[in-house]
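K.L.:
Below, each chain spelled out in residue letters.
4 protein chains.
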Amino acid sequence: MNDSRQELWDRRMDLPLGTASAVYLAAYAVHVLAPGLPHAWHTVLLAAMAAAWAVFLVDYTVRYRLSGLGPWRFLRTHWLDTVVLVLPLLRPLRIFSVYDRIQRRRGRPRLSLHARVMAYAGLTVTLLGFAGSLTVYHHEHTAPGASILTFGDAVWWACATLATVGYGDVSPITPIGRLTAVGLMACGLALLGAVTGSFSSWLIQLFTRDEDKRPPGDSPGAS
Amino acid sequence: MNDSRQELWDRRMDLPLGTASAVYLAAYAVHVLAPGLPHAWHTVLLAAMAAAWAVFLVDYTVRYRLSGLGPWRFLRTHWLDTVVLVLPLLRPLRIFSVYDRIQRRRGRPRLSLHARVMAYAGLTVTLLGFAGSLTVYHHEHTAPGASILTFGDAVWWACATLATVGYGDVSPITPIGRLTAVGLMACGLALLGAVTGSFSSWLIQLFTRDEDKRPPGDSPGAS
Amino acid sequence: MNDSRQELWDRRMDLPLGTASAVYLAAYAVHVLAPGLPHAWHTVLLAAMAAAWAVFLVDYTVRYRLSGLGPWRFLRTHWLDTVVLVLPLLRPLRIFSVYDRIQRRRGRPRLSLHARVMAYAGLTVTLLGFAGSLTVYHHEHTAPGASILTFGDAVWWACATLATVGYGDVSPITPIGRLTAVGLMACGLALLGAVTGSFSSWLIQLFTRDEDKRPPGDSPGAS
Amino acid sequence: MNDSRQELWDRRMDLPLGTASAVYLAAYAVHVLAPGLPHAWHTVLLAAMAAAWAVFLVDYTVRYRLSGLGPWRFLRTHWLDTVVLVLPLLRPLRIFSVYDRIQRRRGRPRLSLHARVMAYAGLTVTLLGFAGSLTVYHHEHTAPGASILTFGDAVWWACATLATVGYGDVSPITPIGRLTAVGLMACGLALLGAVTGSFSSWLIQLFTRDEDKRPPGDSPGAS
Chain A
7 MNDSRQELWD RRMDLPLGTA SAVYLAAYAV HVLAPGLPHA WHTVLLAAMA
57 AAWAVFLVDY TVRYRLSGLG PWRFLRTHWL DTVVLVLPLL RPLRIFSVYD
107 RIQRRRGRPR LSLHARVMAY AGLTVTLLGF AGSLTVYHHE HTAPGASILT
157 FGDAVWWACA TLATVGYGDV SPITPIGRLT AVGLMACGLA LLGAVTGSFS
207 SWLIQLFTRD EDKRPPGDSP GAS
Chain B
7 MNDSRQELWD RRMDLPLGTA SAVYLAAYAV HVLAPGLPHA WHTVLLAAMA
57 AAWAVFLVDY TVRYRLSGLG PWRFLRTHWL DTVVLVLPLL RPLRIFSVYD
107 RIQRRRGRPR LSLHARVMAY AGLTVTLLGF AGSLTVYHHE HTAPGASILT
157 FGDAVWWACA TLATVGYGDV SPITPIGRLT AVGLMACGLA LLGAVTGSFS
207 SWLIQLFTRD EDKRPPGDSP GAS
Chain C
7 MNDSRQELWD RRMDLPLGTA SAVYLAAYAV HVLAPGLPHA WHTVLLAAMA
57 AAWAVFLVDY TVRYRLSGLG PWRFLRTHWL DTVVLVLPLL RPLRIFSVYD
107 RIQRRRGRPR LSLHARVMAY AGLTVTLLGF AGSLTVYHHE HTAPGASILT
157 FGDAVWWACA TLATVGYGDV SPITPIGRLT AVGLMACGLA LLGAVTGSFS
207 SWLIQLFTRD EDKRPPGDSP GAS
Chain D
7 MNDSRQELWD RRMDLPLGTA SAVYLAAYAV HVLAPGLPHA WHTVLLAAMA
57 AAWAVFLVDY TVRYRLSGLG PWRFLRTHWL DTVVLVLPLL RPLRIFSVYD
107 RIQRRRGRPR LSLHARVMAY AGLTVTLLGF AGSLTVYHHE HTAPGASILT
157 FGDAVWWACA TLATVGYGDV SPITPIGRLT AVGLMACGLA LLGAVTGSFS
207 SWLIQLFTRD EDKRPPGDSP GAS
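Chains as they are written, first to last, in the working numbering: chain A, 7 to 229; chain B, 7 to 229; chain C, 7 to 229; chain D, 7 to 229.
None of these hints come from the bench; they were simulated from the model. In this text, a Cβ means the ideal position worked out from N, Cα and C, and glycines have one as well. Don't take each hint at face value.
Said to hold, decoys possible - If you only want the chain B side, here are some residues facing chain D, beta carbon under 8 Å, derived: (1) Glu-13; (2) Ala-54; (3) Thr-156; (4) Phe-157; (5) Ala-169; (6) Gly-174; (7) Ala-192; (8) Cys-193; (9) Ala-196; (10) Leu-198; (11) Val-201; (12) Thr-202; (13) Leu-209; (14) Phe-213.
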């Protein structure tokens, strides 16, 4: 019974959560990238961000009540929800879990598993790279001695970090900027793992099919 | 029927497309690396590049007509062709799809799957690295404050980027240079995935064969 | 019989070894990060580190006696113990082998294999990154011309190294600092391998299950 | 018959080739690292290097004659021998193929496949890293504006390159130094592939065994 009520809640919250994610990211982006707007506008943007956060808080609380679990167990089983609640940067990630749930409800997804893994990895990396660039630009461009001075610099730095290239021509120097950087590095490692793992499993699949088609005793490496 | 006409077109365009790719890259290389040539020569080179582009445009249009698909569906199913059409940098990639088609028509390729994956990865990386070095050198060496001043610097930078090493002793500072760099980083990630995936699947193949040969109950890790 | 006495020793030493590991790391951290403490305190901290080392030495000697092996063979089969004895930096690693042994004795571990691999990789990297940052900070911050001047710099540098990003805005210049760095780089490579390998095997598992569920002849790539 | 004569030659050349490899590397190392030796010593060292090269040349010629192949086919099937002949840097690699052949002749090797892959990767990387450091130090430390001034710097740079970290605090600036660097980067990529591939295949092996032991219907991810 709990399950069905949770499912009902999930279904009802899909649109609000997706909208809240998009609103949060858009409001933060405008707030950071257009400091020249009149003060009233910035107040509106901050209010929009607070409202988006409230939607997540309400959703989290209701989900906790519906689960019927103790607080620690809930924290453990819903750690992604918790992290998303605490770190506004990661909120856009919710768009995917919402999208995924909608897709699954409509029946089997069209894309193959490989394509889905690559699409999710690509989109996650794009969203988190954008959010990370915003945060780093926000905290760095006014710091004394900073090398990240424009939003372009921040995006360039985020790309070099996510690809684990790390030129070091521009790099964050403030504590918050560096914390964000560590988060992006972890994303970069995960991205590398996703790319490599997909490639690896795709090759293994090819080989397995290749071997099934051949007569036994014909070794594939000797061809 | 559409299929057979498409195949006929593919077969007919193999040589023109391969030639156009090679001409484009060669003309661009001479244009960028030999600025001291008389003006008339540079006009000829730009004309050659435009002609190569025209061949791709004509091929793309005919392919679209022959497919009988709507524009969006065609974009989705032929995204590589589209990307190659828009970004001249990637045009040399067509050489491989042409080569692949010729090989397949002549019967089963000689190389094993691993060797083919490594050969394609190596050649793609070489071609894109060369094209990327040219573009970055073209746009950087005259920019104020640039660190990439010679074509040698550009090649050195491209190698460090493709291996995801990224020393940062030289790095692009212009928007176009950095965009090219992001493309090369993506290639570097894919290269890493190809190398790692090949190695991984090769080891797994070895283990599988190793286990098949042993009597059951003899665990391979304990030897 | 030797086996049972070894097991008994292992069981008895779990708590002392774990405590000694934690004491060593804590004492070293306070010693390095709080140089302003009165001299007597530092003497206590160094004594605690020596005591922790003595526990490891005693354990190693007893283990050697109980094994009944020659010295070279023991070195070879217990190389991790030997490395941990010689390099104080790696001592915290013992916490895991202790934890692992306790878990195994209590029956089957709760976590799945993937979760365990990721948890071990994450914790090992955190502990070694912390110990590496301490060592590098200890030897670098007073060296002339050093770029790692605060503990925050050292942690930032360790993160960039473990992710194989390597900005190079701060980097060690003393021989001991660089040796530690090489150790952290090896950890970074292993971490990359763990992340990628987990992802890869997880994907392969998904595919295998996916194929088992489908009717034969339905290729998964063509969907 | 050719095969048996080739085998005989291989067996006879094991010791001379291994010795020549070691002599070459040692002579080069002393030549580069001890420039203060009297001139006569350096003449002896260069003679030793020339003699080692002569051994490789003779071996290559005899192997070509015994193979009975045309020059191009021989080049293709013995490309590693050819590369080793042309690039003195890579000569130490021959030690492994010699070691491998000796091991195989004595019967089944003791180490498991994983251990062998890791041992070969580790030893290859160590040897090539040492040879690369020597070459880079040799050509860089007298170049104007160089940042690699001591052999320690060269080793530090080689480690950062092989781990694909690439701080960029020291980096080669001469053409030969950069060519060597590109070779080391390729080694770094291969090392990454070996580490990741081993880890990946090891995990997959563990999972396969894990699944075989469980009753069917018990999914491993849900435990």
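K.L.:
Checked against the structure, which of the hints given earlier come out wrong?
P.N.:
The structure conflicts with hints 1, 2, 3, 4, 7, 8, 9, although it agrees with all the remaining ones.
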